[in-house]
Amino acid sequence: MIYYDKVSKIYPDKSVALDEVSFSVEPKEFVTIVGHSGAGKTTLMKLLIAEDYPTHGSVFLESTNIHNLNKKEMSKLRRRIGTVFQDYRLISNKTIYENIAFAMEASGRTDAEIAADVPHVLELVDLAHKIWNFPSELSGGERQRVAIARAIVTQPDIIIADEPTGNLDPTNTFEIVRILKKINEMGTTVLLTTHNRGVVDAVGGRVITMENGKVIRYDKTGKYIL
Amino acid sequence: MILTTLKRIARAGFVNFWRNGFLSFAAVVVITLSLSAFGGLVFASAFGKSLLTDVKDKVDINVYFTLTAQENDILALKKEIQTLPEVSSVDYVSSDQALSTFKDKWQNNALIMQGLDEVGGNPFPAALNIKAKDPGQYGNIANYLTSKNTQDQNGSSIIDKINYQENKLVIDRLTAIIPTVEESGLIIALLFVLVAVIIVWNTIRLIIYTARDEISVMKLVGASNVYVRGPFVISGIMYGVVSAVITLILMAVFAYWSDAFVLKLAGVDVASNFSLIVNVLSAYFVANFAQIFVLIMGSGIVLGGVSSYVAARRYLRV
Numbered sequence: 031m032i033y034y035d036k037v038s039k040i041y042p043d044k045s046v047a048l049d050e051v052s053f054s055v056e057p058k059e060f061v062t063i064v065g066h067s068g069a070g071k072t073t074l075m076k077l078l079i080a081e082d083y084p085t086h087g088s089v090f091l092e093s094t095n096i097h098n099l100n101k102k103e104m105s106k107l108r109r110r111i112g113t114v115f116q117d118y119r120l121i122s123n124k125t126i127y128e129n130i131a132f133a134m135e136a137s138g139r140t141d142a143e144i145a146a147d148v149p150h151v152l153e154l155v156d157l158a159h160k161i162w163n164f165p166s167e168l169s170g171g172e173r174q175r176v177a178i179a180r181a182i183v184t185q186p187d188i189i190i191a192d193e194p195t196g197n198l199d200p201t202n203t204f205e206i207v208r209i210l211k212k213i214n215e216m217g218t219t220v221l222l223t224t225h226n227r228g229v230v231d232a233v234g235g236r237v238i239t240m241e242n243g244k245v246i247r248y249d250k251t252g253k254y255i256l
Numbered sequence: 004m005i006l007t008t009l010k011r012i013a014r015a016g017f018v019n020f021w022r023n024g025f026l027s028f029a030a031v032v033v034i035t036l037s038l039s040a041f042g043g044l045v046f047a048s049a050f051g052k053s054l055l056t057d058v059k060d061k062v063d064i065n066v067y068f069t070l071t072a073q074e075n076d077i078l079a080l081k082k083e084i085q086t087l088p089e090v091s092s093v094d095y096v097s098s099d100q101a102l103s104t105f106k107d108k109w110q111n112n113a114l115i116m117q118g119l120d121e122v123g124g125n126p127f128p129a130a131l132n133i134k135a136k137d138p139g140q141y142g143n144i145a146n147y148l149t150s151k152n153t154q155d156q157n158g159s160s161i162i163d164k165i166n167y168q169e170n171k172l173v174i175d176r177l178t179a180i181i182p183t184v185e186e187s188g189l190i191i192a193l194l195f196v197l198v199a200v201i202i203v204w205n206t207i208r209l210i211i212y213t214a215r216d217e218i219s220v221m222k223l224v225g226a227s228n229v230y231v232r233g234p235f236v237i238s239g240i241m242y243g244v245v246s247a248v249i250t251l252i253l254m255a256v257f258a259y260w261s262d263a264f265v266l267k268l269a270g271v272d273v274a275s276n277f278s279l280i281v282n283v284l285s286a287y288f289v290a291n292f293a294q295i296f297v298l299i300m301g302s303g304i305v306l307g308g309v310s311s312y313v314a315a316r317r318y319l320r321v
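For the protein sequence lines, the chains are A and B, in the order given. Numbers in the numbering used here are just positions in the first sequence, counted from 1, shifted up by 30. Numbers in the numbering used here are just positions in the second sequence, counted from 1, shifted up by 3.
Please note that the accuracy of each hint is not assured.
Here are some, though not all, of the chain B residues that point toward chain A, as calculated from beta-carbon distances under 10 angstroms [said to hold, decoys possible]:
| no. | residue |
| --- | --- |
| 1 | M4 |
| 2 | V90 |
| 3 | S219 |
| 4 | Y230 |
| 5 | V321 |
Simulated pairs of lysine-lysine, DSSO-like, Cα-Cα distance not exceeding 27 angstroms [said to hold, decoys possible]:
| no. | chain 1 | residue 1 | chain 2 | residue 2 |
| --- | --- | --- | --- | --- |
| 6 | B | K267 | B | K82 |
| 7 | B | K81 | A | K102 |
| 8 | A | K101 | B | K267 |
| 9 | B | K61 | B | K136 |
| 10 | B | K81 | B | K59 |
| 11 | B | K267 | A | K124 |
| 12 | A | K106 | B | K10 |
A few chain B residues that don't get close to chain A, going by computed Cβ distances all over 12 angstroms [claimed, not checked]:
| no. | residue |
| --- | --- |
| 13 | W21 |
| 14 | L55 |
| 15 | D120 |
| 16 | T149 |
| 17 | D175 |
| 18 | Y287 |
| 19 | M300 |
Rather than coming from a laboratory, the hints here were simulated on the basis of the structure. Only a predicted model underlies this, so the values are computations on that prediction, with no experimental measurement involved. Glycine residues also receive a C-beta, built at the ideal position from the N, C-alpha and C atoms.
Let's have the full structure, built from the sequences with the hints guiding it.
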C-alpha cells in the first residue's frame, strides 16, 4: 500500500536525514518505526504527507508517486491519511468540537455527518465531556487524544502517528496505544514512530528499526533492539 | 457544496475575528488610523478647495465706465466679453444699482449719507464685473479691453478705468501659488496613503504570522488553499468594515466640531463675510457622503482583505 523506494533526504545544511531507505507497508498493517532521536523517523512521516520532499527516490501510495501530485490532488491524498503529531498541533482558537469538525469540513462532509460523528469519535477517545473546551484547557494526554480523534474522524485509509506518546506519562501512553490498536483492528493501516520500548512491546506488529537515516532491522513482531 | 463551503468560511472568519479579540482590536486600531488619515486628506482637500474657490471668487476685474457712457454701449461690450473663452462670468452693475447698494450698506451712518446728499445726483459709474475661469487670464482680458478702446458715437472712450493693475499683485501671487499648493497636496496625500498601506500590511502580516502553524496543520489535514485562506480574508474584511464605520463616525464628529470651532474662532460677523468657510466640512460631508462612504469603506475592505489574502499566501506552501 505504501512504498518507499530508495528515499534519501539531505537537508540544505548537508545533514543526511534519510539514506536510501526502502520498505513497504501492507494494507491493514500496524507498523512501528523505532530509532533514537535524529534517526530519520519524523522525516519519513513528513514525506508521506508531503510536508517535505525527498532529495532522491520516491514515495508511493498505491501506485501514485506522492510528490508528483498537484495542489488539489495533494489535498485529496492528505484526506486519506490521518496524521497525529508529537506536539498535537491542535488549532488553539477552535474548540475541541471545531478542531475535529475542521478535518471533516475540509474533506467536504455535510453538517449532519459532522454533528453525528464528532461526538461519537470523542466518546471513542473518552473525551465527550470536553467537547466545548479549548485545547489550552486540556492536559497533554487529552490533547493527544483529541489529535487522534481528529485523525480518525474522517475514516482515513492510513493513520500516521509520529511519536504520539513522546510527551506523555505511562498511563496516557498506554491509553494512546490502546486506541491506535483499536483503530487498526477496525481495518485502518497504522504507521507509528516511537523511541519507547514499552510502546513497541505493547503494539506487537512489525517493527522497522532505523539508525542514522538507514533502516538497520526489519522484525516480523514487536522487538526493540538498539 | 460551494454554498456550504462559503458558509463555513464566513462562519470561521467571524469566529476568528471574535475569538482573537486582542489581535482584531489591534488591527482595527491600525486600520482606523490609516483610514482617518485618508479622511483627513479628504477634509483637507475639501477645505483647501473651498478656501481657494473663495479667494479665486473674490478676485475679479472691474471695468468702470464714464458717467456719460450709454447703457446699450456697455451691454454690447458685455456681450462681446462674454464670448471670450477665458471669461467665466460678466455682471453688469448699473450706476443706479451701485448707488442703492451703497445706500443700503451705509444707511445707518448719517455722516456718509449726508456726504452723499451733498455730492448730489449719482456719483457712481456703471461697471462690469468680470470673472475669469483661471486667475492667470486676467491679464489677457485687461489687455483685450485696453486695446479694444470702445468708443461712443462722439468718439470718446466709454471706459473710465480698469482696476486690473490694482489687483495684479494678488492675482499674480495666486496664479503662482495655487498649482504648487495643489501639487504638493497631492504628493503629501500619496505619501500618507503609502505609509498607511505599509503599516496596515505589516500589522496583518504579523497577525497571520502568529497563525502560521495552524495554517500548516489545516493544510496537512487536507484542507484546500481556499478553505484555509478564506477565513483570514473574511476576518481581514471585517477589520476593514469595522474600522471604516469607526472612521466615518470620527469624520462626522470632526466635521461638526471643526465647523463650530471655526465659527467660534472667527466670530459670526467675520465668518458670514466668508460665507464659504462656514460649515464647509459638515456641508461637504453631508453632500458627498456617498462618495466618502465608498472611499473609506472600500479602502478599509481592500486594505484588510487584500493584505490578509497576500499575507496568508506564503504560509500555504505546505
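Going down the list of hints, with the structure as the test:
With 10 angstroms as the threshold, the beta carbon of B/M4 comes within range of chain A, its nearest partner Cβ sitting at about 7 angstroms, so the hint holds. Taking 10 angstroms as the C-beta contact cut-off toward chain A, the hint placing B/V90 at the interface is violated, the least distance being around 66 angstroms. Look at B/S219: its Cβ gets to within about 8 angstroms of chain A, closer than 10 angstroms, so that hint holds up. A least Cβ separation of about 6 angstroms between B/Y230 and chain A falls short of the 10 angstroms threshold, and the interface hint therefore holds.
The restraint placing B/V321 at the interface with chain A holds, with a minimum CB-CB distance near 6 angstroms, inside the 10 angstroms limit. The straight-line distance between the Cα atoms of B/K267 and B/K82 is roughly 44 angstroms, outside the 27 angstroms bound, and the hint therefore fails. For the hint linking B/K81 to A/K102, the alpha-carbon distance of about 76 angstroms lies beyond 27 angstroms, and the restraint is violated. Note on A/K101 and B/K267: the hinted pairing is violated, with a Cα-Cα distance of about 65 angstroms set against a maximum of 27 angstroms.
For the hint pairing B/K61 with B/K136, the CA-to-CA distance comes to about 13 angstroms; that is within 27 angstroms, so the pair holds. The hinted pair formed by B/K81 and B/K59 meets the criterion: a straight-line CA distance of about 21 angstroms does not exceed 27 angstroms. Between B/K267 and A/K124, the direct Cα distance comes to roughly 54 angstroms. Violation of the 27 angstroms bound is thereby established for this hinted pair. Distance check on the hinted pair: A/K106 and B/K10 sit about 21 angstroms apart at the alpha-carbon level, within 27 angstroms; holds.
A Cβ of chain A approaches the Cβ of B/W21 within 12 angstroms, the least distance being about 9 angstroms, so the stated non-interface status is violated. Separation of B/L55 from chain A is adequate, the least Cβ-Cβ distance of about 52 angstroms exceeding the 12 angstroms criterion. With a least beta-carbon separation of about 88 angstroms from chain A, B/D120 lies farther than 12 angstroms from that chain, consistent with its non-interface assignment. Every beta carbon of chain A lies more than 12 angstroms from that of B/T149, the smallest distance being close to 78 angstroms; the non-interface claim holds.
Distance check on B/D175: its Cβ is at least 65 angstroms (rounded) from any Cβ of chain A, clearing the 12 angstroms threshold; non-interface status holds. Chain A leaves B/Y287 outside its interface by the beta-carbon criterion, the shortest separation being 43 angstroms against a cut-off of 12 angstroms. A cut-off of 12 angstroms between C-beta atoms confirms that B/M300 is not in contact with chain A; the least separation is 27 angstroms.
Consistency with the previously given hints fails for numbers 2, 6, 7, 8, 11, 13, ordered from lowest to highest.
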